[in-house]
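Chemist: The residues making up each chain are set out below.
Protein chains: 2
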Amino acid sequence: MKQITVHAPATVANLVCGFDVLGLCLAEPYDIMEVRLLDKRQVIVRTTNNFPLPSDPAMNTAGAPLLEMLAVLKQDVGFEVIITKQIKPGSGIGSSAASSAGAVVAANELLGNIFSKEELVRFAMFGEKVASGVKHADNVAPCIYGGVTLIRSIFPLDIIPIDSPPLYVTVLHPQIEVRTSDAREILRKEVLLKDAIRQWGNIAGLVAGLMKSDYELIGRSLEDVIIEPVRSILIPGFDLIKAECISSGAIGGGISGSGPSIFMLSKDEATAQSVATVMQSVYDRIGVNYHMYVTTVNPQGVRVVER
Amino acid sequence: MKQITVHAPATVANLVCGFDVLGLCLAEPYDIMEVRLLDKRQVIVRTTNNFPLPSDPAMNTAGAPLLEMLAVLKQDVGFEVIITKQIKPGSGIGSSAASSAGAVVAANELLGNIFSKEELVRFAMFGEKVASGVKHADNVAPCIYGGVTLIRSIFPLDIIPIDSPPLYVTVLHPQIEVRTSDAREILRKEVLLKDAIRQWGNIAGLVAGLMKSDYELIGRSLEDVIIEPVRSILIPGFDLIKAECISSGAIGGGISGSGPSIFMLSKDEATAQSVATVMQSVYDRIGVNYHMYVTTVNPQGVRVVER
Chain A
2 MKQITVHAPA TVANLVCGFD VLGLCLAEPY DIMEVRLLDK RQVIVRTTNN FPLPSDPAMN
62 TAGAPLLEML AVLKQDVGFE VIITKQIKPG SGIGSSAASS AGAVVAANEL LGNIFSKEEL
122 VRFAMFGEKV ASGVKHADNV APCIYGGVTL IRSIFPLDII PIDSPPLYVT VLHPQIEVRT
182 SDAREILRKE VLLKDAIRQW GNIAGLVAGL MKSDYELIGR SLEDVIIEPV RSILIPGFDL
242 IKAECISSGA IGGGISGSGP SIFMLSKDEA TAQSVATVMQ SVYDRIGVNY HMYVTTVNPQ
302 GVRVVER
Chain B
2 MKQITVHAPA TVANLVCGFD VLGLCLAEPY DIMEVRLLDK RQVIVRTTNN FPLPSDPAMN
62 TAGAPLLEML AVLKQDVGFE VIITKQIKPG SGIGSSAASS AGAVVAANEL LGNIFSKEEL
122 VRFAMFGEKV ASGVKHADNV APCIYGGVTL IRSIFPLDII PIDSPPLYVT VLHPQIEVRT
182 SDAREILRKE VLLKDAIRQW GNIAGLVAGL MKSDYELIGR SLEDVIIEPV RSILIPGFDL
242 IKAECISSGA IGGGISGSGP SIFMLSKDEA TAQSVATVMQ SVYDRIGVNY HMYVTTVNPQ
302 GVRVVER
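Chains as they are written, first to last, in our numbering: chain A, 2 to 308; chain B, 2 to 308.
Just chain A, same shape as in the assembly:
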């Protein structure tokens, strides 16, 4: 029986000024996904570590994309997926996207890589629709492509990999619940033109900074005058953490996806570790539990570890 094991990594969507259009792939944490090719049209999804999963694969973030994939295949094949979930759902670092992206990349490998990365993103977005009601790609695209990706447009889908210099990432995941749908609902439907202009200056600056390996420009561009001022009120200690991390040498950072995780970028590992210490000391003071990751940008995305 053909089977494969992949690591499906966490991702940071938005990157502060790139709401809904930018995302970045992390080296850690990642889910471990074992996928087997079946000889009938069927999708089964299980977890090894008792994560609660909807039993209907169509309602499942790994199952829905695979059902979409089966729908375009002529062969009588199916997939069994066994997930060792290590990325906590509701963390804001792309837990559902990892299941969707990992499933389609593994399935495509088993089928002999018949689909392009863009087609895989298209399938994986059905998982995001199950998870949040919206077909967004700012987690699944970086999870599949690796590195930093721009989703210029969803309809039609237009994904552009953006080169970046080495970046270390410190992620604090506060143990509080912020639902993606709530984080979306508190946003205003209209924004001031002058704020939108400031934001598109920043996103243009961020893309230029990444492509020029200009850390200072990246830092100056990591500014969000639209989303962060609203969403950050849901995250305890956000302003204090941000200010102290930047004083400690972080290039910049903000809310990861729709939160509650906070991420900070640094030029080197020592700084990323100091930033972690700063985050820890703030959270120890305010008494909220947390998980912490010090990692790097992952240039590869979902990775096959065993065939």
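Worth double-checking, as some hints may not be accurate.
Treat identical chains as interchangeable: a pair holds within one or across any two.
Claimed, not checked - Simulated pairs of lysine-lysine, DSS-like, Cα-Cα distance not exceeding 27 Å:
| id | residue 1 | residue 2 |
| --- | --- | --- |
| 1 | K213 | K41 |
| 2 | K118 | K195 |
| 3 | K190 | K118 |
| 4 | K130 | K195 |
| 5 | K136 | K3 |
| 6 | K268 | K130 |
| 7 | K213 | K118 |
| 8 | K118 | K86 |
| 9 | K213 | K130 |
| 10 | K268 | K213 |
| 11 | K268 | K3 |
| 12 | K75 | K41 |
| 13 | K190 | K268 |
| 14 | K75 | K130 |
| 15 | K75 | K268 |
Read the hints as simulated data drawn from the structure, not as lab findings.
Please arrange chain B on chain A, whose structure you already have, making use of the hints.
Modeler: Below, chain B alone, put in the same frame as chain A:
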């Protein structure tokens, strides 16, 4: 007596999706500016070809920036500026910016290049304030830096040169009047968040496309869902011209600055010439007079031609 002659070129602000933050320098047309160093604190501005100019230098787009420059100088110096105006005021291709930028670059040369390009932009913006009431930099920055420039922020000023592949530019200047202040007033003060997101996807795509020399991506990103739908109604035949130019091979384009000029980008000169023919035939049909330029991106900006 020390004197210098410079060519101060036209510029295209906004570049469709980069309202207020992007601009591009053209090779032609340009103003010819002769600047003399005087031995007393005085600014005199004249034109050779009877363009009407405010006699008070503080009210003049070339004079105001030079007065700002004098204010920071300790020496007893002044400048006499003689402009042969070739860029038509009110064309939307940075006529006032050329006078401001040319004046400060020439003056700086006469002083031994004591100011940085960023400082020169800062002075030149006082000319834009005289011309339109607003200190914007999306014409003066590309005029001084050359090429494509991003103005990430005005306060504080943050100018980022963006590399670009060779680009040919066709400019149609309809002989109608659109005042910058009117073009600004018809814009809504608020925009839909979903439109703003589409716009920042496009500006990120445009910057990435320019830096990757990816003409297709540049073309896909030259889309404006916010400003163009409103401003284009002031320009006769806009939608038809845009559609026909793109069918004729143009990469894309739109309104230059606040209009009424329309610009189109092409990969090569032959296409840029066909695009000019298309524009001409539409305007001959609708019976509006026009000027036409087929030119290139100017990587240098204001150029010293004689010392």
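Chemist: Each hint needs a verdict: does it hold in this structure or not?
Modeler: Status of the hints after comparison with the structure:
Neither within a single protomer nor between protomers do K213 and K41 lie at most 27 Å apart by alpha-carbon distance, with minima of 49 Å and 44 Å respectively. Taking the shortest Cα distances, K118 and K195 sit within 27 Å of each other only across copies (26 Å), while inside one copy they are farther apart (36 Å). Proximity of K190 and K118 under a CA criterion of 27 Å is satisfied in neither setting, with 32 Å inside one chain copy and 39 Å between copies. In this assembly of identical chains, the alpha carbons of K130 and K195 lie at most 27 Å apart only when taken from different copies (18 Å versus 32 Å within one copy).
Taking identical chains as interchangeable, the C-alpha atoms of K136 and K3 are never at most 27 Å apart, the minima being 30 Å within one chain and 65 Å between chains. In the homo-oligomer, the alpha carbons of K268 and K130 never lie at most 27 Å apart, since the shortest distance is 35 Å inside one protomer and 39 Å across protomers. In this homomeric assembly, K213 and K118 come within 27 Å of each other (Cα to Cα) both inside a single copy, at 25 Å, and across copies, at 20 Å. Taking identical chains as interchangeable, the C-alpha atoms of K118 and K86 lie at most 27 Å apart only when both belong to the same chain, with a minimum of 23 Å there against 53 Å between chains.
With identical chains, the CA atoms of K213 and K130 are never at most 27 Å apart, being 35 Å at best within one copy and 32 Å at best between copies. Within a single copy, K268 and K213 get their C-alpha atoms as close as 14 Å, and across copies as close as 24 Å, so both meet the 27 Å cut-off. For the identical chains of this complex, K268 and K3 are neighbours neither inside a copy (41 Å) nor across copies (49 Å), given an alpha-carbon limit of 27 Å. In this homomeric assembly, K75 and K41 come within 27 Å of each other (Cα to Cα) only inside a single copy, at 11 Å, whereas the closest approach across copies is 86 Å.
Neither within a single protomer nor between protomers do K190 and K268 lie at most 27 Å apart by alpha-carbon distance, with minima of 36 Å and 38 Å respectively. In this assembly of identical chains, K75 and K130 lie within 27 Å of each other by CA distance solely inside one copy; the values are 25 Å within and 65 Å between copies. Proximity of K75 and K268 under a CA criterion of 27 Å is satisfied in neither setting, with 48 Å inside one chain copy and 42 Å between copies.
Hint compliance for this structure: hints 1, 3, 5, 6, 9, 11, 13, 15 are not met, and every other hint is.
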